[in-house]
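Order-wise, the sequence lines are chains A and B.
Under the working numbering, the first residue of the first sequence carries the number 1, and numbering increases by one thereafter.
Under the working numbering, the first residue of the second sequence carries the number 301, and numbering increases by one thereafter.
Hints are computed from structural coordinates only; laboratory data are not their basis.
Taking lysine to any residue pairs in the SDA-like style, the calculated list, with each CA pair at most 20 Å apart, reads:
1. 559(B) - 138(A)
2. 584(B) - 189(A)
3. 21(A) - 429(B)
4. 584(B) - 108(A)
5. 387(B) - 367(B)
6. 21(A) - 420(B)
7. 143(A) - 155(A)
8. 559(B) - 350(B)
9. 559(B) - 384(B)
10. 559(B) - 367(B)
11. 387(B) - 560(B)
12. 559(B) - 343(B)
13. 143(A) - 559(B)
14. 143(A) - 343(B)
15. 143(A) - 355(B)
16. 21(A) - 479(B)
17. 143(A) - 356(B)
18. 143(A) - 339(B)
19. 143(A) - 362(B)
20. 584(B) - 190(A)
21. 143(A) - 350(B)
22. 559(B) - 141(A)
23. 143(A) - 170(A)
24. 559(B) - 362(B)
25. 387(B) - 538(B)
26. 21(A) - 504(B)
27. 21(A) - 500(B)
28. 387(B) - 372(B)
29. 559(B) - 382(B)
30. 143(A) - 160(A)
31. 197(A) - 212(A)
32. 143(A) - 340(B)
Residue strings, one per chain:
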Amino acid sequence: MARTPANLFMRVRRVDLWLPKLVVAPSFALSLFFVYGFIAWTIYISFTRSGIMPRYEFAGLIQYIRLWETPRWYVALQNLVVFGVLFMAICMAIGILLAILLDQRIRAEGVLRTIYLYPMALSFIVTGTAWKWILNPTLGIEKLMHDIGWESFQFDWLVDRDMAIYTIVIAGVWQSSGYVMALFLAGLRSIDDEIIKAAAIDGAGPIRTYVGIVLPMLRPVFLSAFITLMHLAIKSYDLVVALTAGGPGIATDVPATFMYSYAFQRSELGLAAASAVMMLITVMAVVVPYLYSELRAGRK
Amino acid sequence: MRERQVHGIVRPKNAASTALRLILFAVLGLFVLYYLMPLIVMVVTALKPLEEIRTGTLLSLPRDITFEPTLRAWNSACVGVRCEGLKPYVWNSIAMVIPAVVLSTMLGAINGYALTKWRFRGAAIIFGLMLFGAFIPFQVVLLPMARTLGAMGLAGTVPGLVLVHTVYGLAFTTLFFRNFFISVSDGIVQAAKVDGAGFFGIFFRIVLPMSPPAIVVTVIWQFTQIWNDFLFGIAFTVGDSNPVTVALNNLVASSTGVKEYNVDMSAAIIAAIPTLIVYVFAGKYFIRGLSAGAVKG
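Next comes chain A alone, as it looks inside the complex (with noise of 0.2 Å):
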């Protein structure tokens, strides 16, 4: 501690080289351990026959091999393309809509964003049993539209096994798109005025200064967009227990739910752990380059 002129400049004491590792180590070591490890963990029992416990002798790629000759994983996969395309479609057209007619100065503009953006503040499991009560066949929106005199209306998606996937979209949606428009709000908020202006002038229209000039310009935006969204469609696990539990029958089944079923259900850990193997690849092949570019690009 003694500041004699020796040290007085620029003299960094000793401890204080090693203390930064120090304070860091316990927080990288629970990483390695619990992310590391654990995804080496899952790796290794996905080659394995491990059933109701862990099996540990090295039996190659049989639990692949099974996983995709089985139909269930196929009806998953399916649900996770049409659910995962559509949400994020939607969920990005309509939060770019919003974004942009939020930018008009609108006065109310605070309020408004408010409003569309709590959802995102509530559980899927909170999500899922409201849209459960509302898409309810006997109750729910088909006996409101049968009270204001529509008798012929009918849905009954949640419990029809080719439409009840739907649901979750729509649930989905509703949960998510706010977040976009939250996203794609703050990127026009970040373009100058004046090159918006400069547009008018050249006699654009509203629609091709957005179209045309606006929205190229978020490239960065529609791309941490894409990856949230993504992100968040591949685990949709409490949405659709809260809302189909899978249901009817596996007609909802998604990666996710099928993952947790093999494993603590079924017990079947191999096959189990080689479903998580295949989700982890398909985040990983996207969201490796996306982090890599990001932290590039942050070093420069």
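Based on these hints, arrange chain B on the given structure of chain A.
Same frame as chain A, but now just chain B:
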């Protein structure tokens, strides 16, 4: 014409622009209804007696408001075989969320500080490796986590969940603080170093006092994430130690007896209230957290 152009790009007012403005407000208004409708339905249904639910519709207002379903959802509705309402599970969630938020935020703060203001060799790689943890689908850690919690004697307990949420919250909290501290000028830290202040001295006397914005954003983000978690709750707890989201799902999914939609909706509101309150009072910070989570720097 000339005079009207004084206000920058605002085009001359005419019938067409007025009509556009009306359409704009109509569309915005429709979306307000779309987003509010489920909340209105929840509140209206929660306050109705079961009889009115059968005769009325989703949106019909309650004729005689009753708080009986809300009370039942709070302390006597059946979750599984236990008929004490959501109350014990709300306490579980509180007992889980407070330590997990405090621990992950503290670790995130000190990590963010060490990684930005004391850039040691490998700091960037360590941060990159930790950040990856924020993006994994948690299904890939469920099985090892279940075994590890079992080996630690924490299976099916609230402390077990605290550990899980702290560990998997670290990537986010470190990210938030790192992004915040990166924007704090290095000069002030360098000056303190010249004055002989050490690692912790600078942290507690200089860096921490300027961090409340980052702390608020992180705490709100972690609180919302952990309170709303379902996957870890359902995978690592059993019955009595369930957090409120799992209990809500069990309450709604239980199929014994008459389906009491008013109790279901009351329970959903109870589970939603803590995060909604946080959102209403600190929405600004919540939004900041959302964009910090999406845009890395």
